[in-house]
Structure formats: structure tokens, C-alpha cells
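Let's have the full structure, built from the sequences with the hints guiding it.
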Amino acid sequence: MSIFYEEVHTTCYNHELPTNATFKVLEFAPSNKTKIIEVDRSVIIFLLEGKVQVSCNSYRDKIHQKGQIALLPRNSSCYIKILEYAVVVSCSYVQSINFCDRLFFMTLQRFLPEKFNYDFCLLPITERIMEFVVLIKNCLNDNLGCLHFHELSSRKMLILFRAYYPKEELAAFFYPLLGKELDFKDFVLANFLEVKDLTEFADLANLSIDTFKRRFKETFDMPAHKWIAQRKSEFIYRDLIASSKSFADIAMQYNLSSQAYLSTFCKRFYEKTPQEIRNSSL
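For the sequence shown, the working numbering assigns the number 699 to the last residue and increments by one with no breaks.
Careful: at least some of the hints might be erroneous.
[Unchecked claim] No farther apart than 30 Å at their CA atoms in a straight line, the calculated lysine-lysine pairs in the BS3-like style are these:
id, residue 1, residue 2
1, 498, 441
2, 450, 483
3, 643, 689
4, 479, 441
5, 643, 532
Derived from the structure by calculation, the hints contain no laboratory data.
Have a look at this one:
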């Protein structure tokens with residue numbers, strides 16, 4: 418089906434280009450090749466067709482199947498392998514996700530079970546959510562790219578999430594984005610790849626180093642240096658198995674002093690040399 422006055426619509430300054438759009442329709446052919454996914458915004462993935470093997474941060478080789486929803490947090494180390502022809506509708510958010518109001522999202526953490534262990538939780542696509550996502554897909558395929566359509570649809574989607582899933586399931590699904598200080602968590606997720614050390618990070622946050630460390634520990638339940646090193650190790654692992662970057666380039670990109678230190682770093686986290694990690698993907 419086509420829309421009326423398409424030329425007027427697509428030349429409007431409120432027309433979203435596909436690369437910047439909140440919602441996107443993506444299709445992937447089956448492939449044995451590992452594909453890196455750059456995640457500069459938190460993304461909700463609705464898999465309408467197919468089967469995908471997903472690795473996201475420390476969660477590796479998870480199977481995402483037709484009829485399921487996945488969450489890729491902002492600036493995650495993600496790579497995928499398409500096992501079956503896949504059709505995806507994605508919805509991305511620059512900052513923390515809000516439902517009817519920010520307070521509700523902040524209170525979701527209360528609904529996690531005691532000693533909760535996150536393991537890349539997926540949600541089933543319920544009947545009403547499927548109807549909504551299929552409508553979005555069809556409208557995008559008709560070239561309905563209005564900025565306001567995207568904004569209103571993203572709000573509607575979160576209202577539907579709140580209406581058609583129990584809070585316990587939403588809390589488990591959105592766990593990587595939850596925290597006591599959502600603005601601070603947003604800031605960390607947006608910038609941790611850009612800074613060289615904690616002093617620079619604290620300066621960027623306009624905080625003293627001691628205050629930064631304290632707020633970081635309160636938000637992520639882990640010391641800042643340990644959390645950042647873990648995230649860095651996940652990106653290095655991704656680039657070793659899913660890219661052809663040289664070891665020297667990888668060391669430079671992640672602010673490691675030399676290839677020798679890259680080897681030490683990999684042995685510390687994975688008990689393998691960079692070459693052994695790369696060979697394991699062949």
C-alpha cells in the first residue's frame with residue numbers, strides 16, 4: 418500500500434532518514450560470517466522471522482528466535498550470526514527508556530527477585546505487541562517516515578509494554594538499564610568508550626574523583642576501574658573474533674600501551690592470547 422502525497426511527505430524537514438530513525442525494518446540473509454553490530458543507542462529488537470545467534474557483552478551465543486524481543490544496551494559489544502533468514506523491527510532510544518513517566522521505570526528494580534541473575538533475558542512478542550509491530554513495519558515499508566510518527570509510536574510501544582507484560586518480566590528484560598541514578602548511568606554508557614582514565618571520566622562528569630567512584634559503585638555495584646576493564650575486554654574479544662583489525666590497531670583503539678600488553682590483557686580475562694582467541698572463531 419502506498420501513502421498519499423509521498424513527495425510532499427518525504428521532502429518535509431520532519432521526515433526521518435532511515436539511518437537516524439527511531440524505528441527501522443531490517444532483513445538479513447543466512448550467513449556463517451559473524452557480523453558486528455554497532456549500538457550507539459539502546460535498541461529493542463523484535464524478531465518477526467528467523468533465528469539469530471547473538472553475543473552481547475559477556476553473554477555469548479544466545480539464540481534469539483522468531484516471536485521474541487531482545488534488548489541491546491547502549492554502547493554494548495554486540496555481534497551476531499544469522500542462522501535463518503531474519504526480519505527485524507528495531508526501536509532505538511538515546512537515553513533511558515521511560516514508560517508513562519520516568520518514576521515508573523526507576524521503580525522497576527523493586528520487582529526483581531532476590532539474588533536475580535541476568536542472562537540476556539528475552540520477552541515473548543504478545544498478540545497486541547505483534548499487531549503493533551506489524552503495523553509499524555508496514556507503515557515504514559510504505560515510506561511513512563515522519564519524525565512525529567516515530568516519536569508517538571515509541572511512546573505507544575512503551576504504554577503497550579506496561580499494559581501487556583507483568584512488571585517482573587519488564588524488570589528482568591530491562592535490567593541492564595535499571596539503576597538508582599538513571600542520568601548518571603546514561604552518562605557512563607554514553608561516554609565510557611571515549612575516556613582514557615578515571616580522572617578524565619570524573620572531569621567529564623564535573624565530579625571529584627572520589628565522588629565519581631562512589632556514585633559509580635552505587636550505580637553499577639562494581640568499582641569503576643573493574644567495570645570499565647570488563648567492558649573493554651568484551652570489545653577486544655569482539656574485534657578479535659569478528660573483525661580483521663590488526664593486533665596493533667586493537668591495542669591502540671582501546672588505549673593499551675602495546676601489543677605485548679594486549680596479550681597480557683587477553684590472558685588475564687580469557688586465559689588465551691589474542692591469536693588463540695582469533696583462531697577460535699575460524
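Residue 479 paired with residue 441 [C-alpha distance capped at 30 Å] | The hint holds at about 22 Å.
Satisfaction of hint between residue 532 and residue 643, Cα-Cα up to 30 Å = 21 Å, holds
Given the hint that residue 450 pairs with residue 483, does the C-alpha gap stay at or below 30 Å?
-> 20 Å, holds
Given the proposed pairing of residue 498 with residue 441, does the C-alpha separation stay at or below 30 Å?
-> Holds - the C-alpha atoms of residue 441 and residue 498 are around 19 Å apart, at most 30 Å.
Below or equal to 30 Å on CA atoms is what counts here, so check residue 643 against residue 689.
-> 19 Å, holds
In summary, this structure violates none of the numbered hints.
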